[in-house]
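In UniProt numbering, the protein residues as written are 1 to 614.
These aren't lab readings, by the way, just hints derived from the structure by calculation. Just so you know, these numbers come straight off a predicted model, no measurement behind them. A virtual CB, placed ideally from N, CA and C, is assigned to each residue, including glycine. Hints are not guaranteed to be accurate.
Claimed, not checked - Simulated restraints on C-beta separations:
1. G47 <-> V266: 37 to 45 angstroms
2. N353 <-> D312: 52 to 60 angstroms
3. L158 <-> S535: 55 to 63 angstroms
4. P530 <-> R457: 31 to 39 angstroms
5. T155 <-> Q405: 27 to 35 angstroms
6. V266 <-> D502: 48 to 56 angstroms
7. N460 <-> V141: 43 to 51 angstroms
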Amino acid sequence: MSPFTVGDYLAERLVQIGIRHHFIVPGDYNLILRDKLEAHPSLTEIGCTNELNCSLAAEGYARANGIGVCIVTYSVGAFSTFNGIGSAYAERLPLILLEMARKITCFAARVRQALNAPGIIDTAIRAALTQKKPVYIEVPVNLAGETCLRPGPITSLLTSALCNQHALDVAVSKSCELIGTKHRCIILVGPLVRRAKAQDALLQLAEAIGCAVVIQPAAKGSFPEDHAQFAGMFWGQVSTLAADAIVNWADLLICIGTVFTDYSTVGWTALPSVPQLVVDMNNITVASKLYCSLIEMHDFLSRLAATVGWNDTTMIEYNRLRPDPSLGKPSRGPEKLTRKEIARQTQALLSLNPDTTVFADTGDSWFNGLKLSLPFGAEFEIEMQWGHPGWSIPASFGYNLARPQRQIIVMVGDGAFQMTAQEVSQMVRYRVPIIILLMNNRGYTIEVEIHDGLYNRVQNWDYGHLVEAFSCEDEGKIALGLEARTSEELSNGLERAVAHTDGPTLINYGSLSSEGAASYGFTIHQNNVPIFDGSGRLGPAEVFDAEATGALEGLKAALNLQGSAAQTIFICLDNLAVATCLRGTPSDSSQDVFLEFQALAASHGATQVPICQT
């Protein structure tokens, strides 16, 4: 029997913690280690096109599996993985990197002697699992084949940290007291709920209190959106209307797993100045007066649910307001595509198969994806803490390998896609049936309205033929590339994409600015019932011109229809850039529309014109 080595030890431990696929880019210094891992019967090696994509694929695998592994070579390989490992650190995903920097890992160590390898490997795995962050293990090329002890039972690594029972008792008691003194409490859900695997306990607590529940954008999918207590998304100035109104009306925020950054608040830093009960992954803060640590989120939420009193005032108020209109039914007609129609058809796809995970890439795709209403069983992945354009392509690939039974839809812009497009070749290689919906904006559209310039334009590609070119002629057509410019073409394309299970499908659709005229439209609601609508077309224009014009024409029509100057008007827009334009400094192309909009709003001083993203 061959001797048991450091590489064998690592392979066995990876299998014991649930790893079945490891992502690699070969290099001089990792070849022996790769041989050892590849020899394990329960491990499958997944080659990637470059180290960045390798680390992002492992990050996506960790989202689905709970932990991921990527293996690259020393120095040049490790430095190329910085973005992906940084993403795992920011997004609180346990990931093991073999062959980084201590600053973006929670544990980093080098194996210097084979005798010490088991202890170092076990310490790293335990740190990744308990802290939900990446770790780094450096294995020198000459030690991977050296002998060491065999691993013992894995239970010592999988046992969760001991809970401070006294701290838990105090936190639950004081939290119940705080909630009992308030009349308008609301639950705000953040992305760390999913990392802590506390979704079930969150649902228990929500149903025990009976209050309204709103989510941060990165927490989409952590609370059932078809639940009676779901009250929308709180995202600063682009919140859904009901969520914004309810959060600012509440007298207590129960913040569970929340993360506040410039992304999650749209640059807005001040929460409503009311008491907060903050539930983090391992600690509780009660109204800034009491801090309790060494408490698991799941344990705290379950205990609180069993003792807290009923308080449904915010739910009653939400049911009275409910100003958020639904997307409506999709069309199969010849009209040009709009963002809303894309959302409607994607929504219909989710309804047909709720066992779907949606990936929304950085940029416009955030806003397009967040419009969707997730049916029970659907899941949503977004990289909002890190924001790496192109993340969704390798991440969805890694995710699919861990959960191949799920349908995966990727929403990505052309600029983001061009950063990591090579990983589509691995989708072809492993015949992964991912559906890629590519918004072809001819550039970095979300940057255009922030600060425009020629540097925001990218070379247009023939995306459909590109993905098909990743297959050789003798393999047949593994990838499917399609174009969609009308509602009918998109509907037909989605049907073909669902039926194509031999490999990935990419549907390339242009933005409203793709060719020639851009269309705009508006609908006026009263008491959540549409009472008037209008539409029109511009000459060659950017999508932002069309949407801003739609907002202006809608404002004019609403002012003509309203019976009282004190009536509140909500202007709902398809993306953040237009909202920013109409509130602040416009782009050159939207200058006239901006000035007229502001003048009209100012001349009706009694009329509020809040802007929300639909």
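Here is what the structure says about each hint:
1. G47 <-> V266: 37 to 45 angstroms: This hint holds: roughly 39 angstroms between Cβ atoms.
2. N353 <-> D312: 52 to 60 angstroms: 33 angstroms, violated
3. L158 <-> S535: 55 to 63 angstroms: 58 angstroms, holds
4. P530 <-> R457: 31 to 39 angstroms: 37 angstroms, holds
5. T155 <-> Q405: 27 to 35 angstroms: 28 angstroms, holds
6. V266 <-> D502: 48 to 56 angstroms: The hinted range 48 to 56 angstroms is violated for V266 and D502, with Cβ atoms some 41 angstroms apart.
7. N460 <-> V141: 43 to 51 angstroms: About 44 angstroms separates the Cβ atoms of N460 and V141, which means 43 to 51 angstroms holds.
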